[in-house]
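There are 2 protein chains.
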Amino acid sequence: MATIHPLDPLKPYEITQAATIVKNHFPGAKLIFRVITLSEPPKKELIPFLQAEKLGKRHPVLPRVAQIQFYLDNATQFRQARVNLVERKLYDLTNLDGTHAYVDAGEMQKCEAACLKDERVQAAIKALQLPEEATVVCDPWTYSPDGMNDMSRRCVMCFFYMRLSDHEDANHYAYPLEFVAELSDELTVMEVLKVPSGAGEKMTPVDGNLRPFDRSKIHSTSEYHPDLVPERRTSVKPYNVTQSDGPSFQSSGNLINWEKWRFRVGFNYREGLVIHDVTYDGRQVFHRLSLSEMFVPYGDPRAPYPRKAAFDFGNNGGGVNANNLGLGCDCLGHIKYFNFWHHTNDGVPLEMPNVVCCHEIDDGILWKHTNYRTQNAVVTRSRVLVLQTIITVSNYEYIFAFHFNQAAEITYEVRATGILSTAFIDVGDKVPYGTTVAPGVMAPYHQHLFSLRIDPAIDGYKNSLLVEESHPMPVDDDRSSKTNVGYITKKEYVDHETPLDTDNRSARVFKIVNESVINPITDGPVGYKLVPHYSQMLLADPSSFHSIRSEFCDYPVWVTRHHDQELFAAGEHTLQSETGSGIATWIKSRQAPLSVRDEDLVLWHTFGTTHNPRVEDWPVMPVEKMAVSLKPINFFTRNPALDVPISNQAVNKSVLVTDKVESLCCRTPRL
Amino acid sequence: MATIHPLDPLKPYEITQAATIVKNHFPGAKLIFRVITLSEPPKKELIPFLQAEKLGKRHPVLPRVAQIQFYLDNATQFRQARVNLVERKLYDLTNLDGTHAYVDAGEMQKCEAACLKDERVQAAIKALQLPEEATVVCDPWTYSPDGMNDMSRRCVMCFFYMRLSDHEDANHYAYPLEFVAELSDELTVMEVLKVPSGAGEKMTPVDGNLRPFDRSKIHSTSEYHPDLVPERRTSVKPYNVTQSDGPSFQSSGNLINWEKWRFRVGFNYREGLVIHDVTYDGRQVFHRLSLSEMFVPYGDPRAPYPRKAAFDFGNNGGGVNANNLGLGCDCLGHIKYFNFWHHTNDGVPLEMPNVVCCHEIDDGILWKHTNYRTQNAVVTRSRVLVLQTIITVSNYEYIFAFHFNQAAEITYEVRATGILSTAFIDVGDKVPYGTTVAPGVMAPYHQHLFSLRIDPAIDGYKNSLLVEESHPMPVDDDRSSKTNVGYITKKEYVDHETPLDTDNRSARVFKIVNESVINPITDGPVGYKLVPHYSQMLLADPSSFHSIRSEFCDYPVWVTRHHDQELFAAGEHTLQSETGSGIATWIKSRQAPLSVRDEDLVLWHTFGTTHNPRVEDWPVMPVEKMAVSLKPINFFTRNPALDVPISNQAVNKSVLVTDKVESLCCRTPRL
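If you read the protein sequences in the order shown, they are chains B and L. For the first sequence, counting from 1, position 668 maps to 668 in the UniProt record's numbering; every step adds exactly one. For the second sequence, counting from 1, position 617 maps to 617 in the UniProt record's numbering; every step adds exactly one.
Hint data in this document are derived by calculation from the structure and do not stem from the laboratory. Errors might be hidden in some of the hints.
The list cannot tell twin chains apart, which means a pair is met if one copy fits it or any two copies do.
With a straight-line cut-off of 25 Å between C-alpha atoms, the simulated PhoX-like cross-links for lysine-lysine are [unchecked claim]:
| # | residue 1 | residue 2 |
| --- | --- | --- |
| 1 | K260 | K625 |
| 2 | K529 | K625 |
| 3 | K44 | K54 |
| 4 | K430 | K490 |
| 5 | K653 | K237 |
| 6 | K89 | K44 |
| 7 | K491 | K430 |
| 8 | K529 | K430 |
| 9 | K260 | K237 |
| 10 | K54 | K43 |
Here chain B stands alone, though its shape is the one from the complex (with noise of 0.2 Å):
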């Protein structure tokens, strides 16, 4: 039996051993385990055995820790505790009353459950008078606090839709209705209220004030199943990769060795796929890379809108929604899959197959030049290994990837998909914060923001922030010179934990720097640079929960001291969380400012889109690309990509396409 790594998410057998330690700590009681995850060792101790596992020397025996979340008997109780699973021995006992675990799909089905069977709900339905064919819809959703209810119990807001079809994937959001329930922490239906359509107005019980549903909305454009879309374009020719050889990465367990880079493969049901100890050609680069957060922030200010505000991983978990990657058909070529473990309420191991895939793409020309006067040109293919999860988070998918290519670069790229979040519209309406996708189906404006954690390694882990911009040099006192061309880079050290603004007015850039290794070329230290993805931030006023809650939204570029427990940029608790919590209330609470230079700093880049929806994201939606990239700057001596295999049709094997009639058209000159 193959070694654990101390970085290898929990095996089965230790989620049921974890579950155990902690039943057996409370006899008699109706445990809810809501998170049983591996407790990363301490960087501190993980560094040596980092460290000695490279040299190949002995490792130090880290002990295997999980972290569980559980309630106790019900939803009030809420607690947190680590078992050694080597000792199997329970420890840090916490009481995390005043905060909320996430909500899971398990208890999503139960909202959907509980609201059909309730009285006012159905009596709601009836005063629809629906057509006889539809079915209803319910989508429970976290709840954003709006200042209406009270925070101290977990609550759970529920949308109703209806499907015009006995198809099971027919498409629900095309038919919003005009009522909505609240659950509270038992699941079970407190309010049923009408939602009303003007602005300002206030929403009320359900009693009698419900329109019947305008039949005028009936419309059919609005499927994406192929079933139920039969007219589907038949001019895509077949297009395979063929990789005669074999991919040319070799794994072992979560270790991946491509192309010089050796990285391991991490997974968590929060963040879901994280990359830990990254190398090229042996040297260290990064200690761990994670989208950290994301928050979905709703546009439209009408109750209860606002209390659509999502915070994808810390309300609902990025690595419990991820997608069975076999289930559809995502890539191409030859692909590894990776399954993790996730359990259930009660402990027991849930697997979670292909959740994770790796796979090779080709992505053009990675560098060519032709010398003009042989003519003779050289060029290579850029050869890139994909490491990419998919999660469904209700409505809408995330496809996260993380793209390692043979220059020694690492592109974050995010893609936006899936169906938009609709509310009713009357028809005929328009309002100022939503784009009517269809009759009676308005898609509102929202924010997509995401924050990437990337905890470097550059050559060590003792790095600086080096924020340099390009600025024109002093300017003669004669400009009629014409010669003031000049510019110059000018250069500043981060010297405590702070936010940065981008800049690309003045090409502001981010490296990563290891003052302590200076290249041997350009005499100046190694590094690395985060290239942004320029986006707006935040909207909502700073005084709106929306922006109390989400302090990474303010700014795009964050650097702090590295510490074990700062992982997720909103904080360990958002679900309801009505106060400050993450990056900046971390800095605001150290003692004294935290210095950042030639330290273990972690940069933190929130970057995203403001969703305005167009038709064209309806009813579903053509991928929105985001993409950061991380890129050697003075790291290595030279380009680490010209040792990469000449490109040529002996290897590439690519076919003609000749064109009759145009050789014919050409063919003879006359005059």
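Dock chain L against the given chain B, drawing on the hints supplied.
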């Protein structure tokens, strides 16, 4: 014989015919042909033709017209004329004295030869006491005014390098030498000058003042050619694209049909690849798309480097420097190549084979949704049609590609690669406006600024530009409500020709709309939006020649009224231009501000990169990618890619990679 389309580039017999007509007009003169190109039909004549063509109606007959630029006897008499090839008639003869024709590769080669046989150059080489195996190489550059030389004469700068290998493709940029030559319009050496190493020093005639070459600069790490870099990684396994049923596009001459797109490929000596008359599913989208100009100013303020500021299209020609893509191996899969015709200085047609390629790529997921209730995943893959051209301008390569996708989006991608232009530096020295990339080799900071010209035809030729920003809604007086989360878009039509700024902070969007065509779903105008590439604009001081000459580099977005002759963002004649020319000058020259609302407008996007070299860019640079997109925004009534076939394993034929070590390790849960 197939009919010639009015937008087809000149056929070889038309080039011959045009040259003959000009020759006959000037009996006895020694003509030097610089430009013989299609004079595209005036838009007011072209539109009725294209409209009739689309309707399958009888076309109006449009004459084939050549535009010709030539020297009469010598480079001091520059002339332009048009030739009606049907009537065989020369007209519009214009005196272009005071402007200069672009410098072509033939002239560059003459400059090299003239330099290397010049006695002063030979004396300079001798004084350097180069190693015995040295071969001196000369790189001619078009001359950018610096106020030091009289600009009424055309001149060329030559920079000197050496290679220390017999191999003709050895990288001479690894050994920049410290003298330059100035050549006259007769391509003879005027001056040979020592380049000072200090800032503020002047160049002085070479006269016993050259230091012997510092042999400590000799190194072996600056080669890129595979013959000279024997150590190559062998880890990359074959990756092939198979298209068993052939490509999904159909071509007929220069007309391409692919996945509801239809457009015409054009090509000329200057812009290279041009895309004409683009429709999607029968609806007009764009009239003409092209890269209109690019500017590469260097930031080293020392003489003679302010002379390095290349308008690569206006000074050198983008089209004439296009690679023969059959030479390298630039693409995978089924590839159609386009050949076009240039001409010699004598007016003899010269074939340019394979200068544009057309092929498909797979671009990952196009859209996906998993219904979490049924766990049914529906996925489509994104097929993209690539129209690509690659140019070599001395040291650098640019890969230009239009990507058409199935969601009716066009992305224009630029990849910069090739070799850095270098200057000498003393071993141990540093400069603040450049990076030392190898011993004695300094790569100066510089910018690459591109101008994409977008001539839209959104459902017709009369369009408007709508600038839209996302802003928070006014905040309630009671800021304690904490529901101040609403945001809306502010829309403003642009009335007159003007430059505009990008602004990610307000998520500023540039929409080209047709106010006369209302989307029935959104009840607003149909449109396409520009997704810009956020870039730093020109750094050179406004008083400098660089700034005066490159008006388009002041702002990232410009809108003008269409004029047939306004194709090039820095003006028609850029070589050694000393005054403003191009977009801003056109706008200033109008008698009154020109409306661009509901008019035939043109949108120009300036984008690029401030390229402060990394040592990783040496000796050949991994591609730096930039991308600009044009996306439908409420142009259709739903996702235009909804009908793309569903991705499935029967078609994809992906191969599962298994990992024996892992399966062992995970198989045995134990407690």
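Tell me, in ascending order, the numbers of any earlier hints that this structure violates. No hint contradicted; all consistent.
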